Amino acid sequence: MASNVDRLHAAGVIDKSKLNKDQKNAINGLSEEECNSLIVISSKLKSEITDPDDHELTFFS
Amino acid sequence: MTMRREEPSMNHANRLAEKTKFMRARTFHVTTQFLRHDHLAQLFPEFLFRSQCIVRAIVPLMEEAIRVARQHPEDPVSTPLIDYLLQHIEEERDHDEWCIRDLGALGMTRAEVFARMPPPNVAAMVGAQYYWVRHHHPISILGYLASIELYPPSVQQIEEMIRATGLPRPAFESMLVHARIDQDHKTELIQHLNAMPLTEEHHAVLELSSFHTFRYLALILEDVLKLAPTTEPDTEREPTPVQG
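Chains C and A, in that order, are what the protein sequence lines are. Numbering of the first sequence is given in numbering that gives the first Met the number 0, commencing with residue 0 and proceeding in unit increments. Numbering of the second sequence is given in numbering that gives the first Met the number 0, commencing with residue 0 and proceeding in unit increments.
Bear in mind the hints are in silico, worked out from the structure with no lab data behind them. Where hints are given, some of them may not hold.
[Stated by the list, open to error] Subject to a maximum C-alpha distance of 30 angstroms in a straight line, what follows is the list of computed DSBU-like cross-link-like pairs (lysine-lysine): (1) A:Lys185 to C:Lys45; (2) C:Lys17 to C:Lys45; (3) A:Lys225 to C:Lys45.
[Stated by the list, open to error] Selected chain A positions facing chain C (in silico; Cβ < 7 angstroms): (4) Phe21; (5) Leu207; (6) Phe210.
[As the list claims (entries may be wrong)] From the derived model, a few chain A residues whose C-beta atoms are all more than 10 angstroms from chain C: (7) Met22; (8) Ala24; (9) His36; (10) Pro72; (11) Val76; (12) Ile99; (13) Leu105; (14) Arg109; (15) Arg115; (16) Met116; (17) Pro119; (18) Gly126; (19) Arg133; (20) Arg162; (21) Glu172; (22) Leu226.
Computed from a prediction, not measured in an experiment: that's the story for all the values here. Glycine residues also receive a C-beta, built at the ideal position from the N, C-alpha and C atoms.
Whenever a hint applies, use it, and build me the whole structure from the sequences.
In structure tokens, the structure reads:
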């Protein structure tokens with residue numbers, strides 16, 4: 000089975016050539032559910048909105 | 000989303016934002032699910048409890064980062080990091096008490112808040128910072144703060160939550176105050192980050208710290224969403240036919 004890094008790279012979510020070893024290890028440590036979620040969300044963002052930065056918020060501060 | 004090519008002149012804050020954009024998108028997605036949830040009113044107290052668990056550790060975490068940074072005066076980032084954290088500690092002081100008051104408006108006593116063990120994903124997110132700050136590099140805390148403070152909700156969004164939940168307004172007081180002041184905190188953090196003499200090694204720490212924080216912010220909110228009541232078949236309205 001392909002690694003998370005390879006799956007996310009193939010889906011256009013990340014550019015693996017710009018990641019260092021620690022970052023790749025962290026991404027490969029994501030669960031399958033998290034990885035699938037990143038692919039779905041990325042695809043949805045591409046189709047729905049122009050600039051995702053305009054729609055971002057987090058709530059813990 | 001596809002990462003854009005980095006410009007040579009990209010500043011530190013923009014570089015960090017660009018590198019963590021894909022992970023941030025997931026946190027935003029889960030946050031939106033929470034805000035639009037049919038059972039937001041039932042979920043909100045759990046969300047607020049988890050917020051308090053996170054917020055209670057912010058000042059102690061910054062104090063720990065200052066303590067460690069002071070042990071490394073030879074590191075060029077130590078002085079600007081300490082300067083920023085000393086200022087930011089005063090801005091964040093007592094915010095955990097604000098959350099206690101908000102929880103009180105929902106009927107949870109202070110004793111009840113502290114009797115509950117903070118959830119594992121909160122401990123994993125905050126605990127990682129204690130570890131990295133103490134055992135690797137205190138700059139890690141800026142990746143954490145950048146993740147939790149650079150994307151605050153607006154006053155309008157909080158007002159919509161108040162309307163949607165029908166919960167008492169005092170339960171949202173700390174969120175309303177944050178919505179007003181976090182824009183200034185955001186500007187300050189970006190300015191301090193961009194003024195720091197960061198190396199590639201510092202960036203690697205910031206990026207992994209921010210990645211981890213966004214990951215766990217999403218997991219913490221997903222934990223809250225899992226507490227939503229499930230829709231059971233209404234057996235009283237449509238009784239199961241008796242066989243025989």
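| request: Hints the structure violates: just list their numbers, smallest first. | output: 7 and 8
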